[in-house]
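Q: Now for the letters of each chain:
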Amino acid sequence: MRVRTGKTARGGGALLVVAVVLICASPAAPADDPPAPPAGGAQASLLSLPTPIGAVRYTPGHGLRVGDTGLTLAGYGAVDLLHEEGGATTFRVENADLFVIWDPLARVHLFSEIDMVDQENPHEQRRTILTDRLFGDFAGFDWLNLRVGKFLTPIGRWNQIHARPLVWTTSRPLATTLPFDPYVTGAMLFGSRFPRAGTLTYSLYGQFTNSFDVEPPAQPMDRGVGGRVEYASFGGWSVAGSYLAFTALPGEREAGGTAAGDERGWRHLAGLDTLWRRGPFELWGELAFQEPAHGSGRQWGFYLQPVTEVLPRIYAIARYEYYNRAAPDPAINIGVLGLAYKPWPFVVLKGEYLFADHRAEQSPPGVKTSFTVLF
Amino acid sequence: MRRVGIVLCLATALLVPAPAVPDERALAIVVHPDRNVDLDMQDVAHIYLRRRRFWADGTPIVALNREPETAARTTFSRRVLRADPAQLEGYWNERYFEGIFPPTVLSSGAAVKRYVAADRNAIGYIEWKDVDASVRVVLKLD
Chain R
1 MRVRTGKTAR GGGALLVVAV VLICASPAAP ADDPPAPPAG GAQASLLSLP TPIGAVRYTP
61 GHGLRVGDTG LTLAGYGAVD LLHEEGGATT FRVENADLFV IWDPLARVHL FSEIDMVDQE
121 NPHEQRRTIL TDRLFGDFAG FDWLNLRVGK FLTPIGRWNQ IHARPLVWTT SRPLATTLPF
181 DPYVTGAMLF GSRFPRAGTL TYSLYGQFTN SFDVEPPAQP MDRGVGGRVE YASFGGWSVA
241 GSYLAFTALP GEREAGGTAA GDERGWRHLA GLDTLWRRGP FELWGELAFQ EPAHGSGRQW
301 GFYLQPVTEV LPRIYAIARY EYYNRAAPDP AINIGVLGLA YKPWPFVVLK GEYLFADHRA
361 EQSPPGVKTS FTVLF
Chain Y
1 MRRVGIVLCL ATALLVPAPA VPDERALAIV VHPDRNVDLD MQDVAHIYLR RRRFWADGTP
61 IVALNREPET AARTTFSRRV LRADPAQLEG YWNERYFEGI FPPTVLSSGA AVKRYVAADR
121 NAIGYIEWKD VDASVRVVLK LD
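Protein chains in written order, with the numbering used here: chain R, 1 to 375; chain Y, 1 to 142.
Some clues are possibly wrong.
Each computed EDC-like pair below joins lysine to aspartate or glutamate, with the alpha-carbon atoms no more than 20 angstroms apart [to be verified]: (1) Lys342(R) - Asp84(Y); (2) Lys140(Y) - Asp40(Y); (3) Lys342(R) - Glu94(Y).
Simulated from the structure, these hints should not be mistaken for laboratory data.
Please model the entire structure based on the sequences and the hints provided.
A: Listed below in structure tokens is the structure:
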């Protein structure tokens with residue numbers, strides 16, 4: 001575990017002031033609110049126990065609500081069975097993540113995700129208890145919210161919903177993991193406006209403190225600032241653009257993730273992503289382009305992933321990926337064909353075959369199957 | 001003469017008004033009587049997808065839903081959210097990953113009406129026939 005501290009007290013104090021101002025500047029909820037009713041969605045509660053602090057309810061896929069405290073315990077798990085071409089077959093628990101969600105006030109949302117088993121690569125040492133996310137949201141208005149802590153980098157779509165039960169394949173596209181650090185430790189302003197027939201969402205963020213509790217990603221970020229704008233239509237499509245300027249951490253890079261060139265200088269990343277849904281059909285696409293401000297080391301890639309429901313709750317997935325790594329590594333073309341079965345909305349069984357013209361350590365060819373569950 | 005008769009019949013048929021949806025099958029989007037707000041279908045959809053979370057005066061919105069298998073929920077979901085409740089499962093799973101949950105579910109239209117009548121921040125939908133002075137209708141779904 002790499003824990004780094006320091007240089008943050010001043011920034012932390014300023015953020016605290018902003019959070020307090022946001023909450024205080026916005027009107028408070030009336031003091032005579034009726035008692036909170038039971039919450040719920042499309043799933044029925046499996047368990048409901050009356051207690052002095054309200055009903056404790058468990059809803060599959062939506063966690064355990066602890067009475068009227070605003071506290072929810074939830075999470076997800078993933079078990080993989082993988083066979084690499086020309087290699088071994090491995091069976092492993094890939095994720096067992098616990099969410100602790102607490103909404104103590106209408107304007108305050110606290111969230112943590114603790115990965116209790118983390119082993120991205122079967123050859124690496126298995127780690128336990130890793131803080132994937134830990135942040136607080138302070139809501140002022142729909143158009144202005146503040147997030148402080150460690151959160152997912154808002155680039156592309158996959159990175160922001162990367163939990164295994166939420167994505168269609170066991171493998172992850174290289175363009176969503178190689179060119180940028182998937183986590184930001186810092187602060188973000190975000191919000192939405194509502195033009196006709198859609199939602200316009202923005203986020204502006206910065207990493208001005210050190211990352212904590214991280215496994216070194218392919219492209220670790222030291223300091224960075226970025227933004228994202230997304231338009232989501234009621235018609236079932238969305239399009240978004242992202243930008244990130246960052247400095248990379250030296251000495252913690254994996255092959256294919258970073259480039260030669262001005263290693264300590266600034267790097268720029270631009271991204272585009274889109275989603276289109278109609279009936280049983282869905283298309284995801286993302287593009288990311290990253291290069292240093294000075295010197296060589298450009299890398300870029302994209303993927304396109306159509307998905308269709310071929311039988312009730314059975315989905316066919318195809319994906320084409322291209323990733324152009326920094327020289328001298330060759331560019332890679334990857335294809336994925338797979339099926340996913342969702343017997344319930346919170347359970348997904350997946351199987352896929354991944355083939356490529358060049359081997360990438362992060363996405364080796366072979367058969368990948370997984371069982372994933374939101375709990 | 002026969003052709004004139006046919007034309008007259010067609011004209012008569014066109015002039016007879018199409019049967020309106022009976023009010024007992026219509027839904028009313030209701031808020032607290034003190035809540036002076038104009039909402040259209042898209043505003044309501046933003047609220048029920050939990051994208052819009054605050055009223056214009058800055059107070060938090062409390063959206064109330066009916067149970068998934070009810071006719072009212074299905075009608076509301078199809079008309080306002082343009083999807084059956086089951087089709088929104090993927091959307092809510094993604095929001096769940098951020099710790100955002102779907103609107104609160106109440107077990108009857110009467111419970112929704114009572115809650116809305118008591119909470120100035122609440123919004124719900126009830127059968128049109130159940131509307132009375134305890135709530136204010138902001139939108140009618142025929």
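Q: A separate judgement is required for each hint: does it hold in the structure or not?
A: Consistency of the hints with the structure:
no.	hint	result
1	Lys342(R) - Asp84(Y)	holds, 17 angstroms
2	Lys140(Y) - Asp40(Y)	holds, 10 angstroms
3	Lys342(R) - Glu94(Y)	holds, 15 angstroms
Figure legend: structure checked against the earlier numbered hints; every hint is met.
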